[in-house]
Structure formats: C-alpha cells, structure tokens
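S.K.: Listed below are the residues making up each chain.
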Amino acid sequence: MILLWIIVLLMAGGILAWIAGRVNDMLPRWISLLVILAALAISVWLWMADPVTALTPKGPWIVHLRIPWIPQWGVGFDLALDGLSLLMLLLTFLLGALAVLVSWNEIYTKVGFFHFNLLWVLAGITGVFLTMDLFLFYFFWEVMLIPMYFLIGIWGHENRIYAAYKFFIFTQASGLLMLLSILSLYFIHGSQTGVYTFNYFELLGTSFSPAVGMWLMFGFLAAFLVKLPVVPFHSWLPDAHSQAPTAGSVILAGLLLKTGAYGLLRFVLPFFPDAAQEFAPWAMLLGVIGILYGAVLAYSQTDLKRLVAYTSVSHMGFVILGVFAFNELALQGVVMQMITHGLSTGALFILAGFLYDRIHTRNIEKMGGFWATAPKMGVIALVFVMASLGLPGLGNFIAEFLTLIGSWQANNWLTVFATIGIVLATAYSLRILKKVYYGRNLTDHLIHDLSAREMLIMVPMVVLLLWLGLFPQTVIETVAPSINEQLQAYRNVPEKRTLSLEQPKSITQPLDSLSQPKPEGGAYGLK
Amino acid sequence: MVLNDFLHLMPLLILVVASLIIMLVISVKRHHKIVYIITLLSLIAAFASLFEIGETEPYHISPLFVIDGFGLFYMGMILLSSLFVAMLSYAYFEQREERKEEYYILHILATLGACVLVISKHFAGLFLGLEVLSVSLYALVAYLRSREKSDEAGIKYLILAAMSSAFLLFGMALVYAMSGSMGFYEIGLYLSVSQEVPLILLIGFGMMIVGVGFKLGVVPFHMWTPDVYEGAPAPVTAFIATVSKGGVVALLIRFFIQTGGFEYPTLVLIFTIIAIASMLAGNILALMQTNVKRILAYSSIAHLGYILVAFLAGNALGVEAVTFYLVAYFITSLGAFGIITLLSDEERDAEQLEDYRGLLWRRPWSAAAFTGMLLSLAGIPLTAGFVGKFYILAAGVRTDLWLLVIMLALNSVIGLYYYIKIIAVMFSQANVSRERQALHPSAYLVSGITIALLAILLVYVGVYPTGLMQMIENLMLSINAPAL
Chain A
1 MILLWIIVLL
11 MAGGILAWIA
21 GRVNDMLPRW
31 ISLLVILAAL
41 AISVWLWMAD
51 PVTALTPKGP
61 WIVHLRIPWI
71 PQWGVGFDLA
81 LDGLSLLMLL
91 LTFLLGALAV
101 LVSWNEIYTK
111 VGFFHFNLLW
121 VLAGITGVFL
131 TMDLFLFYFF
141 WEVMLIPMYF
151 LIGIWGHENR
161 IYAAYKFFIF
171 TQASGLLMLL
181 SILSLYFIHG
191 SQTGVYTFNY
201 FELLGTSFSP
211 AVGMWLMFGF
221 LAAFLVKLPV
231 VPFHSWLPDA
241 HSQAPTAGSV
251 ILAGLLLKTG
261 AYGLLRFVLP
271 FFPDAAQEFA
281 PWAMLLGVIG
291 ILYGAVLAYS
301 QTDLKRLVAY
311 TSVSHMGFVI
321 LGVFAFNELA
331 LQGVVMQMIT
341 HGLSTGALFI
351 LAGFLYDRIH
361 TRNIEKMGGF
371 WATAPKMGVI
381 ALVFVMASLG
391 LPGLGNFIAE
401 FLTLIGSWQA
411 NNWLTVFATI
421 GIVLATAYSL
431 RILKKVYYGR
441 NLTDHLIHDL
451 SAREMLIMVP
461 MVVLLLWLGL
471 FPQTVIETVA
481 PSINEQLQAY
491 RNVPEKRTLS
501 LEQPKSITQP
511 LDSLSQPKPE
521 GGAYGLK
Chain X
1 MVLNDFLHLM
11 PLLILVVASL
21 IIMLVISVKR
31 HHKIVYIITL
41 LSLIAAFASL
51 FEIGETEPYH
61 ISPLFVIDGF
71 GLFYMGMILL
81 SSLFVAMLSY
91 AYFEQREERK
101 EEYYILHILA
111 TLGACVLVIS
121 KHFAGLFLGL
131 EVLSVSLYAL
141 VAYLRSREKS
151 DEAGIKYLIL
161 AAMSSAFLLF
171 GMALVYAMSG
181 SMGFYEIGLY
191 LSVSQEVPLI
201 LLIGFGMMIV
211 GVGFKLGVVP
221 FHMWTPDVYE
231 GAPAPVTAFI
241 ATVSKGGVVA
251 LLIRFFIQTG
261 GFEYPTLVLI
271 FTIIAIASML
281 AGNILALMQT
291 NVKRILAYSS
301 IAHLGYILVA
311 FLAGNALGVE
321 AVTFYLVAYF
331 ITSLGAFGII
341 TLLSDEERDA
351 EQLEDYRGLL
361 WRRPWSAAAF
371 TGMLLSLAGI
381 PLTAGFVGKF
391 YILAAGVRTD
401 LWLLVIMLAL
411 NSVIGLYYYI
421 KIIAVMFSQA
431 NVSRERQALH
441 PSAYLVSGIT
451 IALLAILLVY
461 VGVYPTGLMQ
471 MIENLMLSIN
481 APAL
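Heads up: the protein sequence lines correspond to chains A and X, in order.
So the first sequence is numbered by this note's numbering: it starts at 1 and just counts up by one.
So the second sequence is numbered by this note's numbering: it starts at 1 and just counts up by one.
Worth flagging that the hints you see were computed from the coordinates, not collected in a lab.
One thing to keep in mind: the hints can contain errors.
Beta-carbon label-pair distances, calculated as ranges [unchecked claim]:
{"#": "1", "chain 1": "X", "residue 1": "368", "chain 2": "A", "residue 2": "38", "range": "37 to 45 Å"}
{"#": "2", "chain 1": "X", "residue 1": "403", "chain 2": "A", "residue 2": "5", "range": "41 to 49 Å"}
{"#": "3", "chain 1": "X", "residue 1": "368", "chain 2": "A", "residue 2": "445", "range": "37 to 45 Å"}
{"#": "4", "chain 1": "X", "residue 1": "160", "chain 2": "A", "residue 2": "207", "range": "34 to 42 Å"}
{"#": "5", "chain 1": "X", "residue 1": "192", "chain 2": "A", "residue 2": "5", "range": "53 to 61 Å"}
Only a predicted model underlies this, so the values are computations on that prediction, with no experimental measurement involved.
Backbone N, C-alpha and C fix where the C-beta goes; we use that ideal spot for every residue, glycine too.
One chain only, chain A, in its complex shape (with noise of 0.2 Å):
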C-alpha cells in the first residue's frame, strides 16, 4: 500500500497545493516542498528498512501492490517496486524537490497553479517508475504529459508555446504507437493462453512470430525512444527544455527521459528478446549517432539552455548503446548514467536558470568573466562541467566507462566510435566553462554570487555526484537483481529462456509482499 500512497500523497498534494494558492503565494510552495519531502523519505525509508543485495532469494521484488481494477479487462492497480525502481523513486522526489527550490524565486504567476502541475508531473513519473501493469502504465505515461505541457505553456519562455505543443504532439503520437502494441500484446497473450491480462508478469511469457515481435517492439520502441530521445526523434527536445522554466527543464531532462530509458529496460528487452537481439546493432548505431550529432550541436549553441538540452542528446546516446549491448556491465552503466546524467544535467539547467535570473539572457555570448564576481557558482559550475564531460571521480565517468566497457564486448567499432563522442564532450563542455565563466565580462551587469537557497540547492547535488563517483557499489549493488532479471532471457542458453518465463510468476507474491490474493479479473478478458 506504501506505494498507492505515494502517488496519492502527490496527487493530494498537488490540489492541496493549488487551493492554497488562492490564500497566498508562500504556501503551495512549502505545501510541495513537504510533500515532496515527505515522499523522498518514504522511498529512503524502503531502501534502508530493506536493502536489497544481489542475494536475495526472493527476486528482485521488495514491495508489491495489487488491486483490481477494472477486472473485465484484466487490468489491475499493480505496483512493484525493485532495486531499479527506487533508485529512479529517489531521482524523482530529489530532483522534485529541487524544482521546488529552484521556482521559490522565479515563479511569481499562478504560484499554486504551478505546483499543482508541479505534483502532478511527479505523480505521473512516479506511477510510470513503479506500475506492473501495461495498461497502468500507459496511463500514467499519458499522465505526466498533460501538466508538463501546462508548466512549458504557461511559465516557459518567450516561445514556450511552440514548444510546448512539439512536446505534447511528439510524445503523445508515440506514444499511441506504443499502445497499439500493447492492445496486440494483450490479444495475442489472451488467445494464447485464454487469460487476457495486461499484467506484466503474466505477458512476460508471451510468444510470437518474429515479424509480429518485430513490429510490436517497433511499437514500444516509438514511445521510449522518443522520450529518451534517440537522433531522429530528438527535435522536440531542444525546444521543450530551453523554453521551459527552470523547474520544468529540471525535471524534463532529469526525470522524462529518464522514463524512456526506463521503459526500455523493463517492457522491451524482457518482451522483445529475438526481436531486440535482432534490433541491436541499428539501435546501438543510432545511439552512437546520437552521442555525436549531440555533441556536435551542442559545441555549436549559443543558448545556454539549447547547448545543456543537445548535450543530454549526447548522453542518452549512452543509455540505448548501452541498453542493446544486453550485458551487466552495460546495464550497470546505464542505471548510472540515468541518475548522474539526471543530477548533472539537472544542476546545469539550474545553474542556468540562476544566470537567467540574474542578467535575462541565455545567449553565451553575452556572457563572459563571471568568476570574478561570483566564484562560488563559478566553482559549482566547474564541477558540473567536469561531470559532464566524464572526469573520473564524479558518477558520470562511472556510467560512461561501464557503458562503453560493456558496449565493448556487444559491437568493437561502434564502441570506439561513441568513445570518441567523450572528447567531444570534452569540447563542449570546456566551452560552457570558457563562454560564462572565464574570459572577459562584456556586460555592464553585476552578478551576484549564489545566496544560501541556491548554495542548498547545488551542494548537495555537488556531493551526491561525488558519492556516486567514488562509491558506485551502493547504486549497482541496489539495481544488480532487477538487471539480472531483465537480461534473464539473453543468458544465451535456450532451455534458459523457458525457465525465464517461469521464473517471474514465481516472484509475483513475494512472502512479505503487500499483495492482495490474485485477482481472477483477467479471466473474462475482452471476450
């Protein structure tokens, strides 16, 4: 039940928040603050009450939740919750709070209006992280978009609305594919086996035709590689996140694609194992594109926030290369790269909101030499730079290096061809560095140094980067069951396959799971 209560803990909040918007403007935002607090808690509270280890016995499942929902159908509340899934819960609810922190000063119109999409956002990327349910989860996929348009549309930038309409239109086509493919999952399960469910475990034994899994991994594919974004379905992305406030950018760029990859490690490379083996090598090309054609754009920006936004192309060129090279170091690296890219990212697109505040302008070249005057940013900024061009020591070298070791062993070229893509990024983002903070002040502006809520703000970010740099064990050592669950069908071995589809029926009622006793709802099935 813990996890129902998280979401509806948002979701109350959110309308909590956006009544007492009507009183006064300070209020909504501690209402979200607490309430995102509260959440962050809860999911630290399950990491520690139950850690989980490699040696678990009972699978990688630490919680399960299990209602019916609308039983004709086969569909049920059903939320899980893995190592995986914690680690993105505590991403969420601690870049959540931060877009909290970080709208405290610069949104002064429709304060509680805001939080309420605010909340609403969280809820859905919480519901899409934790839900075992096909058809839940395209629910809650649609779910986020709604109020994130909301957040673009109305508090973005000068031509937010542009941007909010390619966000919304790019993801809810793809969006849509990706529920066909779920409805043909669904019959061909139910006429199979006569149980029409769209329970994830129960669909994880599904079979096809490989023309059929081709398309119905095309299908998935459309939504996660959209969100993600792979190249050529990246172009909603630079507009979305340079358009949109500081909070929104923050949580677009550290949560939203942070689904797509999410969603490619628990639907599509359990579902799809033939179809995505066949897949591998385009999708690992067009990740490698991606880390170059990212890097590229990104060098040759001059919005701060655009030159941020294409180097997150560059990044997640990282994940899908990772993802379809289909070993543990791979994924290991993946997991990684999800969270440090979520925390570096996001710090940028702070530290670009706090440039935004204080001079109004996100182009580069109107920047210049404001170390001088404000080193303690300049110091912050130092380190995010260095993070995002992989310095050892911060967690995204970490990801990066098990990424490429692992992407090594799957494709020998395009492995050296994306670690090129490193020294890109080296480039641009020495530029960053050399363009705001180094060099000579060109305005007449006067920039303050970081006041004590953005220090709150960056620090601890400063530190968690560096924790996971130096302490990687803790992240991998959480996520290593759930990838090992997802790589069960790729241990080569055929006979492993049949105990594959075995196995996760078995995890379903863990012994101290919350579950409910199971529902027979699927049995009716849409006839």
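Once you've looked at the hints, dock chain X against the given chain A.
M.R.: Only chain X this time, still in chain A's reference frame:
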C-alpha cells in the same frame, strides 16, 4: 395493444403527455419557469419509468418496436442527455427576448423521436422516429429566428435533411420491393437465404446509407455540420451532437446486427471508406478553424469516424465499444457545449476562440471543466474519452482492422493539435475581460450544477469504468443477434 404494451411504452407516453401539457400551460399563461420545471420533471419521470420496465428479456410490440436491454440503455442515455440539455437551456433562453416556452415542446418531441428510433425494428418505426426528430430539429435549429446565422442554419438543415429523408425512403422502398418485408429481422432472413444479393437491394442499402450518413454527419454527407453547429443555439447544438447522432448510431447497430449486414464486404468497404474519410476530413478541417463551435463540429465528424471503427469490428466487443464511446462522447459533448452555453450572452454565443482567452484566470472552474472535456475528446487519461478510445482501439485490434486502427491513432494526434489550441488560448494572458453576467447569478446555478455533474461523471468514468462496462456488457447480452 394490450395494457402491457402501454407499460412498456411508458417513457414515450410520458413525453407525449408532457408536450401536450406544456402546450396547454402556454395557452393559459406564458411562464418560462413553470414550463421549464414541467420539462425537467417529465424527462426525469420518463427516465425513471425505464427502471420500471427494467428487464433484459426483449419485449416485442409487433411489428414496429422491440424493447430490449439495448433499447432501454440507449433510451436512458438519450433521456439523460436530453435532461442535461434542458437543464442548461434555462439560463440561455432566459436572457434572450424570443418566446422561450415553445422551445421545450420541440425539445421534448425531438427526444421522443430519438427514443422511437432506438427501439424500432421496422422501417415504419424507423421513419416515424426519424421524422419526429428531424421536424422538431428544423424548428429548434432556427429557434432564435432574429439572428441571421440561425436562419441560415435552419434552412440548410431543412433542405438537406428533407433530401436525405427522401433518399432514405427511396432506399427503404427498394429494399422492400426486393425482400418483401420492412422488418429488420425479416430482411435479414431474406438475405440469409438468398444466394446473391440483388443489385436493386444493394442500391436500396446505398440510398439508406446516404440518409443515415447525413444524420450522422459523416463524410461525404457532413457539409451541413459546421454551419448548423455554428448557427443553432448552443443547447440545440448540444442536442444535435448527442441525442440526434446517438439515436441514429443505435439504429444503425440494430439494423446491421439484425440483418447481418457485417457479412457483406461491399457494405463493410463503404463504411470503412466513410470512417477513414470522416476521421481525416474532420480533423484536418478542424485545424484551421477559429470558431469553437465549428471546431467541435468538425471534431464530431471525426469522432463519428472513430465510432465507425468500433462499429466495423462487428462483434460484441465492437458494439460495447461503440456504446461506451457514445456514453463518453455524450458526457464530453454535453459538457463542452454546456460551457459554451454558460458563457454565451444575449448578443451571441461564446463561440470565438478569442472569447476564451485567459478563461483559466477569469473563471477557473469553467475553464477547468472545459479543459477536462477537451482532453476527453483528445482521449487523455483520467477522462472518459481515454477509456472510450482504448475500448475502440481494443475492438479494432481484436478484429485486425489495422488500417482503421492506425488511421485512428494518426488522427488522434492531428486532433490533439486543435484541442490543445483551445486549451492554450484559455491559459494565455487575458487582455480583454468581457463581463457579461446579464442575469441574476442564481439563474446560472442549474447550469453550473449540470456542468459540475458532467465533469464528475467524466472523471468517474475515466478512473473507474468498471461499473459502466459491466452494465453495457449485461445489456448487450439481450440484443438478439444472429451475427454475433
């Protein structure tokens, strides 16, 4: 006619009596409020009498009608929608100088026509219902006769509807000439024994499709829709969008199931083309509009296309999907036109996109409700429209109608654009704020409650569709269908 027949026709009889009473009341004294209350009470009574009948065993009133679960459900939908429209009408007509009372007579008669339509199983019953509905609508569309657009819409609707009725009649005559009967079931029997479908019969069906297609407003018979939607008073538009179209859809389902129409590739092909054309034309034409009523008109064309996708699935799931989608669409359309009604003033309806600029900050509740309705039309979760669209897609995927399903998905995306265009206008900054509460606020109370109810229903069905689905499934069992 035995007494039992009267019992089963009770909803219809209540409506007839109510219209007579209102006529008499008007001749004694014109009073808007009294007439309004009589209308509401009679609609509620008619709805309540459905529960009195409440059985799933089909009851035949030969040869014209059959009262079964399907018919009862659709009658319930029609009566409820009609009730909602009536509730919205008071504030709208109160601020207009025309004689308001006759509106309610026509409204009840049109409802009666739609109810007859959904229970008829015979050409005569069909035509009776359709004409009662249409003739009332002619007058309703042009009800605000001092306005230019209203007149134009009325005349347009009159001419085109009359012509489509002629087509329908001719088609029915041809079908009758070949099959020798006018009952749906008998025609089905004739078709099932005849080896080859005679050409004349096909022509007859074709002509009937013209007639029905006009009523549904599907491409290529959609030309009247935007003009009539725009010109008719907002509550009447809501009525056309829901009751009138819903009744015809129900008729179409019954006709196809009882005659086994899904087995004829020609018919299926025709409807496939109509469905795709409606989806595409409706959505693409809506993109460029700046008039909210016209946008909703084009969107209704597209939505009828969506409904046809599920209809073409032709199995029980398809019929359920159509019914569910119609419920969702009824709620949504009533809500959307309800908001338009609520915001309209005595000069004109709130139909320009500009009227909605900054609405979210001026009237947050109305804007939130309208946003909900639009998102439901676009099929976004937490709203009824999402479950409805899901249902339709499921029905389509189930029967491998891939072309239609993919067209639907594509069109949903196109549709999204103009729905969020309206939403974007609502939350952009207001530069003009027209204050136009002409009446005492209490007059708007009922309208407000209606919209609140619809919004709650919208979210309820969107979040917890199980109850409604269960109901529809049970009722669909009752429809006797050789084709299922």
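S.K.: Compare the structure with each hint and give your call.
M.R.: Going down the list of hints, with the structure as the test:
1. In this structure the hint that residue 368 of chain X and residue 38 of chain A lie 37 to 45 Å apart at CB is violated, the actual value being about 26 Å.
2. Look at residue 403 of chain X against residue 5 of chain A: about 44 Å separates their beta carbons, and that is inside 41 to 49 Å.
3. For residue 368 of chain X and residue 445 of chain A, the hinted distance range of 37 to 45 Å is satisfied, since their beta carbons lie about 41 Å from each other.
4. At roughly 54 Å, the beta carbons of residue 160 of chain X and residue 207 of chain A sit outside the given window of 34 to 42 Å.
5. The hinted window of 53 to 61 Å between residue 192 of chain X and residue 5 of chain A holds, with their beta carbons roughly 58 Å apart.
Comparing the model with each earlier hint shows violations of hints 1, 4; every other hint is respected.
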